[in-house]
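Based on the sequences and whatever the hints tell you, model everything.
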Amino acid sequence: MAIIIGLTGGIATGKSTISGMFIKQGIPVIDSDLIAKQVVEVNEPAYKKIVESFGEDILLCTGHLNRKKIATVVFNDDKKRKKINSIIHPEVKKVILSEMKKYDALGNPFIVLDVPLLFESGFDDLCDFTVVVFTDKKTQYSRLMMRDNLTEEEAGKRIDAQWDIKEKLRLADFKIDNSLSILETRKQFDMLMKKLMKKENRIK
1 MAIIIGLTGG
11 IATGKSTISG
21 MFIKQGIPVI
31 DSDLIAKQVV
41 EVNEPAYKKI
51 VESFGEDILL
61 CTGHLNRKKI
71 ATVVFNDDKK
81 RKKINSIIHP
91 EVKKVILSEM
101 KKYDALGNPF
111 IVLDVPLLFE
121 SGFDDLCDFT
131 VVVFTDKKTQ
141 YSRLMMRDNL
151 TEEEAGKRID
161 AQWDIKEKLR
171 LADFKIDNSL
181 SILETRKQFD
191 MLMKKLMKKE
201 NRIK
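With this note's numbering applied, the sequence shown covers 1 to 204.
One should not assume that every hint holds.
Unchecked claim - Estimated spans, in silico, between C-beta atoms of each pair: (1) Thr62 / Leu106: 17 to 25 Å; (2) Lys137 / Arg67: 22 to 30 Å; (3) Asn43 / Arg81: 19 to 27 Å; (4) Arg81 / Met146: 40 to 48 Å; (5) Thr62 / Lys187: 39 to 47 Å; (6) Arg81 / Lys48: 18 to 26 Å; (7) Asp57 / Gly107: 25 to 33 Å; (8) Pro109 / Asp148: 32 to 40 Å; (9) Gly156 / Arg67: 14 to 22 Å; (10) Gly55 / Asp78: 12 to 20 Å; (11) Lys82 / Asn108: 16 to 24 Å; (12) Lys69 / Lys175: 31 to 39 Å.
In short, the hints are calculated from the structure, not lab data. Backbone N, C-alpha and C fix where the C-beta goes; we use that ideal spot for every residue, glycine too.
Encoded structure:
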């Protein structure tokens with residue numbers, strides 16, 4: 001059986017950097033964000049439920065979901081955010097379980113689940129170990145505002161929509177501080193891989 005590693009962190013903390021490092025090691029990464037986009041494509045079950053719950057006002061003229069409009073709605077309303085997550089997460093989980101089974105059958109020693117809301121969604125229950133990527137608040141705000149062209153207030157709402165990073169760090173088996181240089185991040189990743197390899201050898 002493959003060792004399942006849950007990779008998460010605060011928004012705009014550089015989780016994708018660590019995900020890329022796992023991929024370069026030849027370790028399969030299951031990207032929940034990518035799956036979440038797939039399960040809300042036109043006529044998919046989650047798409048239909050979202051339109052039923054939020055109305056056709058959240059659609060583009062092409063019939064696809066207007067992601068910017070949905071983001072504005074859900075990041076300003078806790079109830080609506082929980083509603084859309086309750087629609088999307090079960091569909092994402094189905095695909096994740098299928099992907100895990102596929103990669104495990106191929107004999108991969110490790111499988112990474114890249115899930116932004118790993119703890120919030122309960123997906124950490126699927127994992128043997130969890131890795132949390134974090135930065136200082138100033139860096140997080142700066143990266144998020146630049147990446148998504150947001151105001152400080154808008155960035156704050158998106159950060160506040162997730163669990164406090166301190167809570168995620170408390171639950172993490174491993175932590176990577178991505179506030180510094182890419183070289184420092186790489187050193188931490190290499191150390192993480194050594195620890196994971198030791199754990200794999202013990203399980204064998």
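Satisfaction of the hinted span 31 to 39 Å by the C-beta atoms belonging to Lys69 and Lys175: holds, 35 Å
40 to 48 Å as the expected CB spacing between Met146 and Arg81, which holds or is violated: Violated, at about 24 Å.
Range hint 17 to 25 Å (beta carbons of Thr62 and Leu106) holds or violated: violated, 37 Å
Beta-carbon spacing of Arg81 to Lys48 - inside the hinted bounds 18 to 26 Å or not: holds, 19 Å
Cβ distance range 22 to 30 Å for Lys137 and Arg67, holds or violated: holds, 26 Å
Beta-carbon spacing of Pro109 to Asp148 - inside the hinted bounds 32 to 40 Å or not: Because 35 Å falls inside the window, the suggested range holds.
Outcome of range test on Cβ distance (Gly156, Arg67; 14 to 22 Å): holds, 20 Å
Satisfaction of the hinted span 39 to 47 Å by the C-beta atoms belonging to Thr62 and Lys187: Roughly 46 Å apart at Cβ, these two residues keep to the hinted range, so it holds.
Cβ separation of Asn43 and Arg81, checked against the hinted range 19 to 27 Å: holds, 24 Å
Range hint compliance [Cβ, Lys82 to Asn108, 16 to 24 Å]: violated, 34 Å
Whether the CB-CB distance between Gly55 and Asp78 falls inside 12 to 20 Å: holds, 19 Å
CB-CB spacing for Gly107 and Asp57 relative to the 25 to 33 Å hint: 48 Å Cβ-Cβ, so the 25 to 33 Å window is violated.
When the structure is compared with the earlier hints, violations turn up for hints 1, 4, 7 and 11 and for no others.
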